[in-house]
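Asks: Input sequences plus hints: build the corresponding full structure.
Residue numbers for the sequence shown follow this note's numbering, so the first one is 1 and each next one is one higher.
I should point out that these hints are in silico values taken from the structure, not numbers from a laboratory. Zero decoy hints are in this set.
With a cut-off of at most 25 Å between alpha-carbon atoms, the simulated SDA-like pairs for lysine to any residue come out as follows:
id, residue 1, residue 2
1, Lys137, Thr74
2, Lys16, Val37
3, Lys204, Asp174
4, Lys72, Ala240
5, Lys85, Ala124
6, Lys137, Gln12
7, Lys137, Asn55
8, Lys137, Asp8
9, Lys23, Thr46
10, Lys85, Thr196
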Amino acid sequence: MLPLFRSDQVRQPTLKLVGDDGKHAAAALRLRVGELVQFTNGVGVTAIGKVVSTNNKNEVEFTLSDLTETVKPTPSITVAQAITKGDGALQAVELLVEVGVDRIIPWAASRSVVRWDAEKQTSAPRKWQAVADAAAKQSRRVWFPEVTSMAGSVPEVLSYAQHSQIIVCDENADSGFTTPLNEQVLLIIGPEGSITPEELQEFKQAGASLVRMGETILRSRHAGIAAVAALLAQTSRWGAK
Numbered sequence: 001m002l003p004l005f006r007s008d009q010v011r012q013p014t015l016k017l018v019g020d021d022g023k024h025a026a027a028a029l030r031l032r033v034g035e036l037v038q039f040t041n042g043v044g045v046t047a048i049g050k051v052v053s054t055n056n057k058n059e060v061e062f063t064l065s066d067l068t069e070t071v072k073p074t075p076s077i078t079v080a081q082a083i084t085k086g087d088g089a090l091q092a093v094e095l096l097v098e099v100g101v102d103r104i105i106p107w108a109a110s111r112s113v114v115r116w117d118a119e120k121q122t123s124a125p126r127k128w129q130a131v132a133d134a135a136a137k138q139s140r141r142v143w144f145p146e147v148t149s150m151a152g153s154v155p156e157v158l159s160y161a162q163h164s165q166i167i168v169c170d171e172n173a174d175s176g177f178t179t180p181l182n183e184q185v186l187l188i189i190g191p192e193g194s195i196t197p198e199e200l201q202e203f204k205q206a207g208a209s210l211v212r213m214g215e216t217i218l219r220s221r222h223a224g225i226a227a228v229a230a231l232l233a234q235t236s237r238w239g240a241k
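Replies: Next up, the structure:
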């Protein structure tokens, strides 16, 4: 597959990569005149870029052709991921994007060990978004996912995503992943200490279904990836009929 870059200029006849993307194209990928890459604007529009000039350091110019518009895949999956400590959260973001998540909500659940101060509430979502963008390029996604601001409560989680279905992963639930999916799914992944009864009740009052992921208990940073894979395996996005 062709290397993928993001640019808002995909509808133009020519495009020049500079800065970090230009350096990556020229120095890391060593693109040469005549070679091809793919561009996306991150919201479904793509074009093929052909290298017409390069300075071999940090600037590459392309001509664009084959403009294509791709419909956003359904169902749309939003994951409210409880904040975890260390680099585990960033690894979770990366893999969630690679498997196909459309939106990620950093959630400061009641039992989340990590607490973001005011500065971190601004910087951390930006870092999550940067990781998400890189993962989208790596996995050749033409619709890039969004990372929202931190949600500090269940009502905030619910307000950050359009949804027609809420699924909460709960180790004590009776049902598995057998519920038919609607077009806009909000998946809730709790912290290591699990979701509190009060939070579960708030989600249930909003119409949520509680599901259990088998007999084993997964770490919070891994649960979302497994859950999304289980959900998407039931859909045409992953080839189901």
